[in-house]
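Read top to bottom, the protein sequences are chains A and Z. When we follow this note's numbering, the leftmost residue of the first sequence carries the number 151, and every step to the right adds one. When we follow this note's numbering, the leftmost residue of the second sequence carries the number 177, and every step to the right adds one.
Treat the hints loosely; a few may be bogus.
[Unchecked claim] Straight-line distance between alpha carbons at most 20 Å, and here's what the computed EDC-like set of lysine to aspartate or glutamate pairs gives:
| id | chain 1 | residue 1 | chain 2 | residue 2 |
| --- | --- | --- | --- | --- |
| 1 | Z | K461 | A | D202 |
| 2 | Z | K229 | A | E442 |
| 3 | Z | K232 | A | E434 |
| 4 | A | K397 | A | D372 |
| 5 | Z | K232 | A | E442 |
| 6 | Z | K410 | Z | E322 |
| 7 | A | K170 | A | D236 |
| 8 | Z | K259 | A | D451 |
| 9 | A | K450 | Z | D211 |
| 10 | Z | K232 | A | D451 |
| 11 | Z | K229 | A | E434 |
| 12 | Z | K264 | Z | E292 |
| 13 | A | K285 | A | D387 |
| 14 | Z | K461 | A | D159 |
| 15 | Z | K264 | A | D451 |
| 16 | A | K450 | Z | E263 |
| 17 | Z | K417 | Z | E382 |
| 18 | A | K386 | A | E376 |
| 19 | A | K446 | Z | E208 |
| 20 | Z | K418 | Z | E479 |
| 21 | Z | K259 | A | E442 |
| 22 | A | K450 | Z | D207 |
| 23 | A | K446 | Z | E263 |
| 24 | A | K397 | Z | E382 |
| 25 | Z | K232 | Z | D211 |
| 26 | Z | K232 | A | E459 |
| 27 | A | K192 | Z | E263 |
| 28 | A | K450 | Z | E382 |
| 29 | A | K446 | Z | D207 |
Hints were generated in silico from the structure; no laboratory data involved.
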Amino acid sequence: MMVCSENKDVFSAVVRSNKKIGQRFYRLGLEFSGDCAEPFGKARPGQFAELDLCGTALPRGEAIPEDLCDMAERNILLRRPFSFCDVTVKGDKTVVDILYDVVGPATLRMTTLSAGDSISIIGPLGNGFAMPSGKETALLVAGGMGAGPLLHLAKVLTADYPNIKVVAFAGAKTATTLPFEKRLDEVSEVLGFPLAEFAGYGIESLVATDDGSAGYKGFVTDCLLEWLGRCGLAAKDMIIYSCGPEKMLAKVAEIAQEKNIDCQISMERMMACGIGICQSCAVECKVAGSNETVYKLCCKDGPVFNSNEIVFSN
Amino acid sequence: MKDNVDISVDFAGVKLANPVFTASGTSGYADELADFVDINLLGGFITKSITLKPRKGNAPPRIVETDAGMLNAIGLANIGLDKFIKEKLPILERMTTAVFVNVAGETIDEYVAVVERLATERVIAGFELNISCPNVAKGGISFGTEPGQVSEITSAVKKAVGEKILIVKLTPTVTDISVIANAAVEAGADALSMVNTFTAMVIDIETRKPVLANRTGGLSGPAIKPIAAYLVNKVYNEVAKKNRIPILGGGGIRTASDAIEFIIAGASAVAVGTANFIEPDCTTKIIEGIKKYCVRKETNIKELIGSLGK
Ligand SMILES: Cc1cc2nc3c(=O)[nH]c(=O)nc-3n(C[C@H](O)[C@H](O)[C@H](O)COP(=O)(O)OP(=O)(O)OC[C@H]3O[C@@H](n4cnc5c(N)ncnc54)[C@H](O)[C@@H]3O)c2cc1C
Ligand SMILES: Cc1cc2nc3c(=O)[nH]c(=O)nc-3n(C[C@H](O)[C@H](O)[C@H](O)COP(=O)(O)O)c2cc1C
Ligand code: FES
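With the rest of the complex left out, here is chain A (with noise of 0.2 Å):
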């Protein structure tokens, strides 16, 4: 049934579900067998695969959020590039889950797939998240959609570093956007509102908004930098996990650089390719025990990358 490419890489997916979750947030499963199953069943947190959407129908006029009417009639060529929320090993198939927003003419597209469509995807690329060895204490801080490689870092950790105490932080602008399953009043207060995915893993997590509808009022930075003003643990001992907003992404490095504590986030850029040869997605990066400054591939050479290897643009 799976038509897989002779290629390695360009693979084809079926699609299993692709639930609502929130006003404009879906999970996308993709099933893959055969010869596919394997490569996505070995992805790690943070890798990325490119998807084609182009053959994707838009919804209904009345199904179309009236802010993005205007931008869905444009038609688009390019793939576009998500990261996975969770891979799941089944035998021989692999399940790999997508968190995604709808915020434009391939992301609206997206939200019709349905069960049984096959969709081509080339993937997993990028480098993920580096384990935290030697580490007791592992620290992830999303905002908004960067919850997703986030999740599937959370379990990853979970399951192979038993002894690595993990915290997690979301962020997003008020309650109704942030991306998970379960509304938070369904979920039991801790500190601060853990969230049900996390908490599905038995990890601690906090909740920051903007407007205080959920948690703590302000950004998730403010309350990552309160929660290590009173953790009372050593920086050598912690490491940072996170993925978001560039604006959120530059504050996080700058609080894992006062505080001397090792820092990965995971970039975003424009994409072309995903694949190292278009040269799109510039990230700017220092040079060690120099003033210059190099540029690096988003999608080969990152999407993560220490964060205190990035210029920030503002």
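Chain A is fixed; fit chain Z with the ligands onto it per the hints.
Relative to the frame of chain A, chain Z with the ligands by itself:
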């Protein structure tokens, strides 16, 4: 006949297994794309532009998508000649396909220096002279828009290529591309490559600023195909045919029928660019499609080239 159709072509004296190339900058230095497609099945491979010294390239954002196309302003980011020789030539040496090195620079001397260093490398079939990059402040397109400069750079580089063939890559962002093509041919170009991207802009209406950090970029992809096909036909009729100079045609090619259009318009071979990003193995399909067309129409590439009817 059916299984093994001959679609080989003679391109300025270089024998190609088929007329399909990957375009410069859209297939790296071969190693990146090699995971997806057997490079040796290609008629020809063209490297990313190489400059004498490494280039960082432009600040991001470097690309933006448009309807049926994309703008890029990479700014000739590349590893530079030394690293190319050390790291990439050994990979290219293992290829059986015809390898062309695309060369760029800020001064004529830089172009010449790169070509001189590489002219004796056995694996290289020829050079593609990029005088049409719209995304750099110095050099690039400025060499390709004025016939006097085209002539000067072409003849200087021609002296350095030795036995290798010299393809001059033209920008479509000029008033009359035939004037430029003619200048290149008269100065010694063995072949013409056309077209490079069209200078273009996308504006963010929220910020009222161009989306690309470089402000402008080069438009490529399906959007430019009909314009490129027209320009290939124009140059074929006005310059290439009478001088017996082959054209490497392209711009927006995604399918075999796109490629065949260019050949009918006058191209002896075709270059596939942006489409590699979407389907990294599209060139294989294009090659197969051309074979099928030749069988179905009982024709061959030689007969197809420039066969556009009235
Ligand atoms: C490595 C990587 C992993 C990603 N993982 C996820 C994920 O798990 N879930 C998810 O929802 N999204 C993810 N993204 C972002 C996703 O690729 C974009 O949201 C998507 O391409 C938007 O396509 P569109 O056609 O719907 O909107 P577009 O019209 O392409 O974009 C809508 C708006 O978003 C901006 N935008 C588009 N792509 C990017 C980008 N790559 N970086 C920054 N801004 C962008 C555009 O400038 C525009 O303003 C990831 C991006 C990268 C690079
Ligand atoms: C991302 C990108 C990078 C490119 N880099 C180069 C380059 O380094 N040198 C060059 O001569 N042309 C470069 N080009 C132009 C292509 O080789 C080709 O001429 C052009 O894109 C038109 O073909 P297409 O529509 O099939 O892409 C680049 C194009 C793209 C899209
Ligand atoms: S997206 Fe093409 S090099 Fe990174």
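Hint check results:
1. For the proposed pair Z:K461 and A:D202, the alpha carbon gap of about 17 Å is at most 20 Å, so the pair holds.
2. A threshold of 20 Å between alpha carbons decides the hint, and for Z:K229 with A:E442 the separation of about 16 Å falls inside it, so the pair holds.
3. A distance of roughly 10 Å separates the Cα atoms of Z:K232 and A:E434; the hinted pair therefore holds under the 20 Å criterion.
4. Only pairs whose Cα atoms come within 20 Å are accepted, and A:K397 paired with A:D372 is accepted, the gap being roughly 13 Å.
5. Simply put, Z:K232 and A:E442 have alpha-carbon atoms about 11 Å apart, close enough for the 20 Å limit, and the pair holds.
6. For the proposed pair Z:K410 and Z:E322, the alpha carbon gap of about 18 Å is at most 20 Å, so the pair holds.
7. For the hint linking A:K170 to A:D236, the alpha-carbon distance of about 16 Å falls within 20 Å, and the restraint holds.
8. Note on Z:K259 and A:D451: the hinted pairing holds, with a Cα-Cα distance of about 18 Å set against a maximum of 20 Å.
9. With a CA separation close to 14 Å, the supplied pair A:K450 and Z:D211 stays within the 20 Å bound.
10. Restraint check for Z:K232 and A:D451: the C-alpha separation of about 15 Å stays at or below 20 Å, so the hint holds.
11. Taking the CA atoms of Z:K229 and A:E434, the gap is about 19 Å. The hint holds against a cut of 20 Å.
12. In summary, the hint linking Z:K264 to Z:E292 is supported, as the alpha carbons are separated by about 17 Å, within the 20 Å threshold.
13. Annotation: proposed proximity of A:K285 to A:D387 holds, straight-line Cα distance about 5 Å (limit 20 Å).
14. For the proposed pair Z:K461 and A:D159, the alpha carbon gap of about 17 Å is at most 20 Å, so the pair holds.
15. A hinted pair counts as satisfied when its Cα atoms are at most 20 Å apart, and Z:K264 with A:D451 qualifies at roughly 18 Å.
16. Proposed proximity of A:K450 and Z:E263 is supported: the alpha carbons are some 17 Å apart, at most 20 Å.
17. At roughly 49 Å between alpha-carbon atoms, Z:K417 and Z:E382 are farther apart than 20 Å, so this suggested pair is violated.
18. For the proposed pair A:K386 and A:E376, the alpha carbon gap of about 18 Å is at most 20 Å, so the pair holds.
19. As the CA atoms of A:K446 and Z:E208 are separated by approximately 15 Å, the hinted pair is consistent with the 20 Å bound.
20. Distance check on the hinted pair: Z:K418 and Z:E479 sit about 16 Å apart at the alpha-carbon level, within 20 Å; holds.
21. Restraint check for Z:K259 and A:E442: satisfied, since their Cα atoms lie roughly 19 Å apart, inside the 20 Å limit.
22. Among the hinted pairs, A:K450 with Z:D207 is consistent with the structure: their alpha-carbon atoms are about 13 Å apart, no more than 20 Å.
23. Proposed proximity of A:K446 and Z:E263 is supported: the alpha carbons are some 18 Å apart, at most 20 Å.
24. A distance of roughly 18 Å separates the Cα atoms of A:K397 and Z:E382; the hinted pair therefore holds under the 20 Å criterion.
25. Between the alpha carbons of Z:K232 and Z:D211 the distance comes to roughly 25 Å, so the proposed pair goes past 20 Å and is violated.
26. Proposed proximity of Z:K232 and A:E459 is supported: the alpha carbons are some 16 Å apart, at most 20 Å.
27. Taking the CA atoms of A:K192 and Z:E263, the gap is about 29 Å. The hint is violated against a cut of 20 Å.
28. About 31 Å separates the Cα atoms of A:K450 and Z:E382, which puts this hinted pair outside 20 Å; it is violated.
29. Taking the CA atoms of A:K446 and Z:D207, the gap is near 18 Å; set against the 20 Å cutoff, the hint holds.
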